[in-house]
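Peer 1: Sequence:
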Amino acid sequence: MPISIDRFDEEPVDALDIQEGTHPYRLLRFLAAHSDQAFTQTELHEATGIKRGSVGAALSRLEDRGLVRHRGRYWAIAEDDRLASYAAQTNASSASTTDDYYGDEE
1 MPISIDRFDE EPVDALDIQE GTHPYRLLRF LAAHSDQAFT QTELHEATGI KRGSVGAALS
61 RLEDRGLVRH RGRYWAIAED DRLASYAAQT NASSASTTDD YYGDEE
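One point on numbering: in UniProt numbering, the residue at position 42 of the sequence shown is 42, and numbering is uninterrupted.
Be aware that one or more of the hints could be misleading.
Said to hold, decoys possible - Label pairs and their calculated CB-CB ranges:
{"hint": "1", "residue 1": "S4", "residue 2": "E46", "range": "26 to 34 Å"}
{"hint": "2", "residue 1": "E43", "residue 2": "E79", "range": "18 to 26 Å"}
{"hint": "3", "residue 1": "R73", "residue 2": "I5", "range": "16 to 24 Å"}
{"hint": "4", "residue 1": "Q37", "residue 2": "R61", "range": "35 to 43 Å"}
{"hint": "5", "residue 1": "E20", "residue 2": "E46", "range": "34 to 42 Å"}
{"hint": "6", "residue 1": "R65", "residue 2": "Q37", "range": "32 to 40 Å"}
{"hint": "7", "residue 1": "G53", "residue 2": "D9", "range": "32 to 40 Å"}
Because the hints were derived from the structure by calculation, they are not lab data. Note that beta-carbon positions come from the ideal geometry of N, C-alpha and C, so glycine has one too.
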């Protein structure tokens, strides 16, 4: 599936080669949207709907790429400048889906 040139130019390289809709993509998107928090694998399972057994494997692949980090039982998006724009885009995208598109009724 093609992506826009804006997305190509703005997203971190490592994020671009994660196929949209995959477990790693869904986890990274969730963690980017909640970049000020860290979550357990159980919480990530419950928040994303990804099977509990698949969460750990996907997180490990993301960690190998430097996209997420963990301490003890908790996981968070990596502290990496490449991911700052990705997190900002994710947060902006989430906010835009809740915008009020209805004009003032007069």
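Peer 1: Each hint needs a verdict: does it hold in this structure or not?
Peer 2: Going down the list of hints, with the structure as the test:
no., hint, result
1, S4 x E46: 26 to 34 Å, "holds (32 Å)"
2, E43 x E79: 18 to 26 Å, "holds (20 Å)"
3, R73 x I5: 16 to 24 Å, "violated (40 Å)"
4, Q37 x R61: 35 to 43 Å, "violated (21 Å)"
5, E20 x E46: 34 to 42 Å, "violated (22 Å)"
6, R65 x Q37: 32 to 40 Å, "violated (21 Å)"
7, G53 x D9: 32 to 40 Å, "holds (36 Å)"
Of the numbered hints stated above, those contradicted by the structure are hints 3, 4, 5 and 6, listed in ascending order.
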